[in-house]
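4 protein chains.
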Amino acid sequence: MTHAQRMIETNPSSAPVDALAFAECIEACFDCAQACTACADACLGEQEVSDLVKCIRDDLDCADICAAAGNVLSRQTHPSQEVTRKILEACAASCRQCGDTCAEHADHHEHCRVCMEVCRRCESACNNLLSAMGA
Amino acid sequence: MTHAQRMIETNPSSAPVDALAFAECIEACFDCAQACTACADACLGEQEVSDLVKCIRDDLDCADICAAAGNVLSRQTHPSQEVTRKILEACAASCRQCGDTCAEHADHHEHCRVCMEVCRRCESACNNLLSAMGA
Amino acid sequence: MTHAQRMIETNPSSAPVDALAFAECIEACFDCAQACTACADACLGEQEVSDLVKCIRDDLDCADICAAAGNVLSRQTHPSQEVTRKILEACAASCRQCGDTCAEHADHHEHCRVCMEVCRRCESACNNLLSAMGA
Amino acid sequence: MTHAQRMIETNPSSAPVDALAFAECIEACFDCAQACTACADACLGEQEVSDLVKCIRDDLDCADICAAAGNVLSRQTHPSQEVTRKILEACAASCRQCGDTCAEHADHHEHCRVCMEVCRRCESACNNLLSAMGA
Chain A
709 MTHAQRMIET
719 NPSSAPVDAL
729 AFAECIEACF
739 DCAQACTACA
749 DACLGEQEVS
759 DLVKCIRDDL
769 DCADICAAAG
779 NVLSRQTHPS
789 QEVTRKILEA
799 CAASCRQCGD
809 TCAEHADHHE
819 HCRVCMEVCR
829 RCESACNNLL
839 SAMGA
Chain B
709 MTHAQRMIET
719 NPSSAPVDAL
729 AFAECIEACF
739 DCAQACTACA
749 DACLGEQEVS
759 DLVKCIRDDL
769 DCADICAAAG
779 NVLSRQTHPS
789 QEVTRKILEA
799 CAASCRQCGD
809 TCAEHADHHE
819 HCRVCMEVCR
829 RCESACNNLL
839 SAMGA
Chain C
709 MTHAQRMIET
719 NPSSAPVDAL
729 AFAECIEACF
739 DCAQACTACA
749 DACLGEQEVS
759 DLVKCIRDDL
769 DCADICAAAG
779 NVLSRQTHPS
789 QEVTRKILEA
799 CAASCRQCGD
809 TCAEHADHHE
819 HCRVCMEVCR
829 RCESACNNLL
839 SAMGA
Chain D
709 MTHAQRMIET
719 NPSSAPVDAL
729 AFAECIEACF
739 DCAQACTACA
749 DACLGEQEVS
759 DLVKCIRDDL
769 DCADICAAAG
779 NVLSRQTHPS
789 QEVTRKILEA
799 CAASCRQCGD
809 TCAEHADHHE
819 HCRVCMEVCR
829 RCESACNNLL
839 SAMGA
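Protein chains in written order, with our numbering: chain A, 709 to 843; chain B, 709 to 843; chain C, 709 to 843; chain D, 709 to 843.
Chain A extracted, bound-state conformation:
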């Protein structure tokens, strides 16, 4: 069991929908925040950094939004369905955007390929949770 799962199970407030979808989305958000921060830096270190400017920008946005989403989802006390849904939609959008941009460089830069995979998984986890919430 991961730490995120243990924190969900030991919280006195129940998760609003199934705990597994929550845990997967929380872990995906924190993982994606880390990968996007690292991918932006790896792009910065490449010789052809000027070709990777859009990728760096999308990485930075995605890192910020995933971090915010991961925090909101980590809270189970008095949740707002509206706020949860909106930050999940923003997170899915930024993961799709960043995943698509990284996909363009995945053949040339292994860090973009890894980051693309992590973004795809996070986008999917956000959409799964939105479905589980009935949104």
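Hints in this document: simulated from the structure, not taken from any laboratory.
Keep in mind that a hint or two might mislead.
Partner residues are not named here, just some residues of chain D that face chain C (Cβ under 8 Å, in silico) [what the hints assert, rightly or not]:
hint, residue
1, E756
2, A776
3, V780
4, R783
5, H786
6, S802
All of these numbers come straight from a predicted model, not from anything done at the bench.
Every residue, glycine too, gets a C-beta built ideally from N, C-alpha and C.
Put chains B, C and D on the given structure of chain A with help from the hints.
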């Protein structure tokens, strides 16, 4: 002229819509992130903290989302309209939620009254920018 | 191999010290940021929230500092030894503080016990990396 | 009176040292987080982005650390002197580092000149607060 305005004007990439609406929204987001963080702490310090649990939770979500929105809006290079719109919608929603909760305590706790005002201003700035973007 | 490890290995800039100590510290920081955010919320949801005010405060500080440290460590291009060392020291201090406070509640609240463990691991990872850096 | 000052005065817990030094440092941290995020983006948008890689990296670290410091300082309930001092030292170090790097480009890029000024002010505010705390 504020620092946020000076940073917009000196950025080689142009702001996608009118610079003033951007600057106001950026400043409102950072201001709201600070006020919500401070209000959560002030609520924690009150004797009747158990009556303020929902307010603390809404403050924490709003602080995280405003910080992410403020960062995304501070970037002008290769913006994604979709991501910008989604994080603005999430920010407006969290400011409305937090502003409404703080409004319930505004008569008893001056920090909730100040925080409510800051949330209202940020919600309004997000909605103004969404309108300016044609969203 | 974790995503953090894969991102380190695919970064064109080399990690300044051994990659494993870096990867472990990055993962510990993001894990601790999540656990502290979740523990603060779990404390908020407890009946005796007024007894947990200090724990919530320490959780919130530790979450913020771990998130910043995790981001700084995820960057390998043109690192500043001074900045890296200082944020590691701040992170070790906040993990020690939060771990000690959670330890006081570990017998009564399982979330505090889990959070304490995660804080101890992150404090240790920060100190290991400081040693590896020769600081 | 700024919002940060109003939040300090309405907090039921007192600020540990003089409130003005706290308010100035909080405002400087949030201002610097914004300016550094914006400067990183402005550098990304410049034609000679490859000459600005170190500046972008320092901007990103400084933005993360200033945001964490601004949050920690915004909390007045059960503060830890040790954690406060360590995050202030990290913030002063990252502002000095980023300010020095921006200074190298201040003649060519107005955004670096503005960011340098904001970093210098934040470094100074952190050091003033450390002195006020007797550290």
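Query raised in the report: Which hints, by number, does the structure contradict?
Result: 1
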